[in-house]
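Respectively, the protein sequence lines represent chains H and Y.
Read in order, the letters of the first sequence correspond to residues 1 to 268 in full-length UniProt numbering.
Read in order, the letters of the second sequence correspond to residues 1 to 155 in full-length UniProt numbering.
Among the hints, erroneous ones may be present.
[Unchecked claim] Examples of chain H residues toward chain Y, derived with CB under 7 Å:
no.: 1; residue: Ser-34
no.: 2; residue: Asp-35
no.: 3; residue: Gly-154
no.: 4; residue: Ala-155
no.: 5; residue: Ser-157
no.: 6; residue: Leu-266
Because the hints were derived from the structure by calculation, they are not lab data.
Small disclaimer: the values here were computed from a predicted structure and weren't measured.
For glycine and all other residues, C-beta sits at the position ideal for the given N, C-alpha and C.
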Amino acid sequence: MKRTLIAALMVSAFWPLAADAHKRWLLPTDFSLSDAEQVSIDLTASNNLFYVDKGMPPVGISIIDPQGVTHEPINPVKRKRRSVFDVDIEQPGTYRILQGGVPMYFVSYKVPGEEQPQRGRGALEELKAGLPDNAQEISFAESVSLVETYVTLGAPSKNFGSSKKGIELTGGDHPNMLYADEPSRFEFSLNGKPAKGLTLEVTPDGTRYRDSLGTVSYTLDAKGGAEVEWSTPGRYLLEVATEQKMPEGSEIAKRYYSYFVTVEVLKP
Amino acid sequence: MKKAMVLGSLLLAALSVRAETVSVELAIPQLDVAEYHRPYVAVWISNEEREIVEHIGIWVEQEKWWRDLRSWWRRGGAYTELPLDGVSGATRKPGVYTLNWQGDLPEGELTLNVEAVREVGGREHLRLPLPSDRNGQVEQTGDSELGRIAVTITQ
């Protein structure tokens with residue numbers, strides 16, 4: 001438990017809030033396998049896709065196998081520009097590889113005599129307990145951020161997220177069965193309900209070699225879904241993010257949610 | 001009485017079945033390359049939804065690379081247990097081969113797919129729409145990994 005908390009703290013210490021403009025992504029060496037194998041996965045934040053730039057601490061990572069059993073990453077390494085870990089893909093079906101998805105809390109407050117507001121992050125109860133008696137203008141924020149990807153051995157199986165916390169991919173086409181000449185549907189939920197009205201941003205690989213990012217935006221429909229048209233075969237990053245200002249007087253003043261998934265689109 | 005019923009049902013079954021014969025002539029070209037490996041080849045018939053309805057031929061070696069026949073793999077190869085009797089086998093050297101298949105094809109527009117992929121080489125996927133009346137020949141010639149493909153269908 002303590003370890004998980006420290007892990008979460010380290011993650012959040014690096015990537016605090018939605019204001020961070022970097023894209024975060026997990027990129028596997030393979031998305032689709034025909035024989036059991038170990039797959040290496042890059043974990044990085046960058047502006048360009050998919051070029052490693054800032055290695056993120058390889059903590060808070062879960063590998064969920066086709067039976068729903070959670071595994072630890074193998075050989076996690078943090079380097080300056082990239083972090084990487086391995087995953088054994090041994091069972092037929094779809095593995096979900098993720099980082100985050102756990103609510104994190106932030107506090108800011110002022111104390112008399114100090115110009116700058118004080119800040120803290122961690123579990124909500126700990127933050128509350130750590131407040132000085134003379135703290136004023138106390139404001140809490142919550143953040144749930146999930147970065148994930150999918151890898152399939154043999155025939156694909158259903159392995160979507162179901163924590164009902166933050167933004168999750170919950171339905172639509174299988175993320176390992178995408179073709180450049182067919183639109184693909186993705187459905188998202190926010191805290192377990194359809195993520196209606198949020199914006200899905202889809203960016204193809206290779207931003208370094210074109211003048212524009214090439215991001216296409218979709219507004220999620222009543223089911224929290226969108227039909228994505230692919231411009232070319234290749235790897236894509238899909239992002240959904242939102243922030244909610246809570247009503248005056250709420251204990252949590254603001255909630256931030258973000259979601260990133262890396263997928264591969266095949267040439268027909 | 002019982003005998004008559006059996007006979008009747010056999011007759012019905014025979015009437016509802018339209019057996020088709022598919023013959024595929026497939027050329028694997030001789031390539032002038034520094035490092036040559038025989039291609040992995042998949043030949044199948046797909047429906048309008050691009051789903052595999054019949055396998056005609058699968059020539060492969062190591063399981064690790066089956067997924068590099070990427071159209072075949074994601075369209076249904078991943079769901080297929082190999083070996084397939086009379087269909088799957090080892091890779092072949094350059095030459096012209098004939099694959100024969102006989103059976104009942106489903107209704108609707110069908111396409112014959114030939115996909116070839118070569119280690120340290122390229123990949124090519126040819127699609128030959130089959131005649132709607134299920135009679136006749138269509139052909140196509142590949143640009144790189146495949147030579148002339150001619151498919152004859154009769155019913």
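Evaluated hints:
| no. | hint | result |
| --- | --- | --- |
| 1 | Ser-34 | 4 Å, holds |
| 2 | Asp-35 | 4 Å, holds |
| 3 | Gly-154 | 5 Å, holds |
| 4 | Ala-155 | 5 Å, holds |
| 5 | Ser-157 | 11 Å, violated |
| 6 | Leu-266 | 6 Å, holds |
In the structure shown, a violation is registered for the earlier hint numbered 5 alone.
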